[in-house]
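Chains A and B supply the protein sequences, listed in that same order. Letter by letter, the first sequence follows residues 1 to 847 in this note's numbering. Letter by letter, the second sequence follows residues 1001 to 1351 in this note's numbering.
The set of hints was computed from the structure by calculation and includes no laboratory data. Do not rely on the hints blindly, as some may be mistaken.
Below, computed lysine-lysine pairings styled on DSSO-like, alpha-carbon distance capped at 30 Å [claimed, not checked]:
1) A/LYS425 - B/LYS1274
2) A/LYS648 - B/LYS1108
3) A/LYS38 - B/LYS1274
4) A/LYS583 - B/LYS1274
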Amino acid sequence: MQISLNWLKDYISLDGISVEQISSTLTDIGLEVEAVQKSAAFGDTVVVGRIVEAAKHPNADSLKVCKVDVGKPELLQIVCGAPNARAGLDACVALVGTTLPGDFKIKDAKIRGEESFGMMCSAKELGLSDGHEGIIELETNYKPGTPVIKALGLDDVILTLNVTPNRADCLGHIGVARDLSARLGKPLKKPAALIKSPSGSSKDIKVDIKTDRCGRFAALSIKNVRTVKSPAWLKQRVEAVGMRSINLLVDITNYVMLELNHPVHAYDDRNVTGRQFVIREAKEGETFVTLDNNERKLKAGDVLICDAERPIGLAGIMGGLNSEIKEDTTGLILEVAWFDPNSVRATARRLGIHSEASHRFERGVDIKNADTVARRFAELLQTCVEQLNVAGANIPTPEIAGDLVDKFPTKPQPKLIALRISEAKSFLASPHLTADKIKKMFEGLEINLVDQAQDRMVFDIPTWRVDIERECDLIEEIARLQGYDKVPYELPRMSLQPTPEDSLVDFIESARIEMAARGLRETISFPFWSDDDAKKMRLPEGHPLVPTLKLANPIADDQRWMHTTLACALIKAISNNNRHGVKGSRLFELGRGYFDFHAKPLNRSAFSIFKSLDRKGRHLSLRAREEKHRPTERHWIGGIIDQPWSPKTWGSAEEAASFFHLKSVVLSWLRGFGVTDVQVHALEKEAIPFLHPGASAYLFAKGQIIGWMGELHPEVALAYDLELSRTPLVFELDLESVLDASSKRTKIQTESYKFPPSTRDLALLVDADLSHDAMNAAIAKFPQKRHLHEWRIFDVFQGANIAKGKKSVAWSFSFRSIEKTLTDQDVEGEFKNLTGYLTSTFKAEQR
Amino acid sequence: MSLLEKSEIIKKEFETDRAKAVSDAKPEAVEALRVSYLGRKGKVTALMEDLRNVSKEDRPAAGKAVNLIRQFIEGSIDELKSQARSWELAAIINREPLDVTLPVDEQKQVGSLHPVSIVRQQLIKVFRSLGFTVVDGPEIDFDFFNFSALNIPDHHPARDMQDTFYVDAPEKMLLRTHTSNIQIHTMLNERPPLRVIAPGRVFRCDNDMTHTPMFHQIEGFVVDENITFAHLKGTIDTFLKAIFGSTLKTRFRPSFFPFVEPGAEFDVECGVCKGKGCRTCKDTGWIEIGGCGMIHPNVFEAVGYDSSRYSGFAFGFGMDRIAMNRFALPDLRQLFEGDYEFLGHFPVHSN
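Next comes chain A alone, as it looks inside the complex:
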């Protein structure tokens, strides 16, 4: 909302108060000043100067030596280079000492030997417009010496206010002035709104309100008008606050709105058939052309202003093309109405119209001031016509009706709200507040005290303050008028009883730190997918990771779906980094996957590894978890490791990142949370379609699946512009499942070993598809196990000397006793049994 300070001064005296003070006062009372803009970037030392003489410069052909009258006894000599400088011209003279835009200081100077005291300026030099040739030529009716800012109406200051949606009353200058008057204790001067010598009547206008969405409709008949240019002051004011000056009639409708915050509409009376207004709800599918020449498709419930035959206005939003003021308009009917805010807003939003009128009606205009507004319009029209005629315009005197047709079916009940002084005092920790002080504050706002008994004050809230509904609203008025800085700083005294906190919250923060500690950098991305992403990620229809939640109003087409997995965002990030020549990135993110399992239930039988995906998360309160339609949000930690693992260095060759680097990152992170008993199983083909079918796995711990990891599928790599030879590795873990696994304690060995172990190595030839885990599990179950303590695989070999379909695996076994140092004999027997057990179990051959 733009406010002109000169305009504001019509209603409140602001003499002796600086612009900075006014601006900070407005901010202090909740009308935040976002910008202060002076109309001119120069001061009053740029004055009107009449060139009395313009002689050729003796030493320069292109310069002139001018004698200029600047309203002082002596003429000023100014050297000027402008081709249009000539005797008789009224110019803008920047006197010595002026600073022009661009920090250009005017000093007295000698130009080619001739003295010069000032400068005659072009529009560009004054910062008024760009690239104009020559000096400004003023119209010749200003007195020399008059400051140019006065002559051109540039002595104004425009404040841009951030008027919050509750303060509908401050969308007009009078409302802002009222707030200032209450705070500064200065009287508010309201415009008189008197019609001098009315002629005629509005009685022949018929108004019929057929919907309760119109609370009031008043019409004033004005005849014998002309669409002439507005007087300069009116044009200046309307333009100063950012509107276009059109003609006298339109400008006054805007002026009244900007003054009293009540949008009005003027109809060309030739187009109001039958001089009749019917306010009714539109029929479904009815169309109407608004004055911006757009055909609007209406819905039942939209409100139309109609004449005897057809719609002529979209209530509270925009007039109709068929009845607007035109060049040749000579009579008008002025509408001052009140429409239901919700109704105006719903229609305006749906049609995508945001007009000055709808902006105000949807916030709530004063239902009671229709007559004042109509009279103010008439008064301004009379005044302007008189002024124009004094200046020689010769316009007929408008015939303005002395009455108006005013349909006001249900007059609002007085809004009486009680305030407890004690409550205001304690709520604002302001013991100094008294009934007198409070009463004074409210008087400034024209909020009248109607009853007072002891602690209780009852106020009658004026109809323009639609925001005041309860005691707390009155307390806010006190708080902002006395200043928020008057409230002291105190800390509450409360019970130490904490609100219970879910362990997931802290776990998520630790998860972050632990992952960062493993060499990955945390990233944050937008959780949106395009229509294509599911396809690019190779997700077939029906797969649980296919997005199910779609935005109704995405910003862009590639941000339409809520993602289900972080993998895609991480892949895109690697792709971007690669494009910028950054290789070997390792990124991770903590974010959510979003699912609508209500609309598309999880197919557990077809996708067994996702069997717990549709749990409602622990981030929800118990109550919210029970809501049936609530979408599921899973907390993921996802990561990606780009190639290579390490570049070539002075000590080693380049090392490619492998599945096992990934596995080591993931398992060590899990170990950080005590999740050590993790099984890694190869994924069934296409269970996670964006992973390589032969280099991917899921992780299983404490009875549930906690995540998956693997090399990116080469087709996905291609789809996201990655090089096939450099496919990255990705993982994703369900944080809640990890937390569950980490909070289940396993029994730990509490005695420590004091005697050294003995080790034996064994190489076996086994089937190539025998997994490490299968052998590992068999060893763990070795029936004659006595001292076998630890074992690990230390070689896996296929190739020369090994039959096809076979592989050589070498294990190292460690035997240890808690009671003694084992002898060779102790160990040999057990090792022999173990060898026999493994060779027979796996039909292996000892090498």
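Given the coordinates of chain A, assemble chain B onto it according to the supplied hints.
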């Protein structure tokens, strides 16, 4: 040659060999010396065997001489052995010195936290020290929690303050526009007294130089009997000082958020210019932080709290801007671009 003569020769040979070993100063030469004299096939061992062939009457004298030789060599070697330890140490110590300036790849060993995470962790620390509990909640929510329970009814112009992403669903579902939905979730499930913060992702249908469709907020609220506007000011002042520095002033300006009354925006004095006005604070001397206010009785009533018994305050602010301020980052969008090199600038642990 008599045994005695032989012993003399062996002794001389040993002394030569010993001298050589000493000058070589190699630990392994000592062992070689031992083997060649005292080993199974060593010279002294051979001498001992020769003793068997000496006549009975000469044996005591020869035996004594051989023994003397053996003891001498054994003693010398023991001596050498202890010397060898110091040669070993010297060899290790005198190794070729390293070029300690050669680079290592520590950048790959330790990762980094996102600047917003760093800010969040600091905020959580400060608020926990004030006795606040951290609460999480849904990012996709129903209209009731995000709007109507927060005194923002349908068709209220206040909805224009936040451009909302709606989800295509039969029930009115949206991406939360603020973390204030946590007020409703928490109050529906817990009873006062409440001291809660809720950091999290929020979404608005907005994308330009200074707005991203997703960003981060932190919500805080306190509910109890007799909570006043002064408590709001005191609490906000306390945590702002903990975050931005104890010498900076704080300021409250009236503003409007439908779920609070009175409502305010709060600013902290610009830390760069200490309130004098500079480029960072756009010459105002203040940095805008967030919004706050006394919880509106309509909100209490929406969750079934007795608004005549309980009062409370709530506040919320963006964490992204605090991160930008703290790390002097020029471009908000940089936070969400996943640029590996940019992300590497932020430590895992910071104070």
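Structure-based check of each hint:
1. A/LYS425 - B/LYS1274: violated (33 Å)
2. A/LYS648 - B/LYS1108: holds (13 Å)
3. A/LYS38 - B/LYS1274: This hinted pair holds, its Cα atoms lying about 28 Å apart.
4. A/LYS583 - B/LYS1274: Violated. A/LYS583 to B/LYS1274 sits at ~43 Å, over the 30 Å cutoff.
Violated hints, listed in ascending order, are 1 and 4; each of the other numbered hints is respected by the structure.
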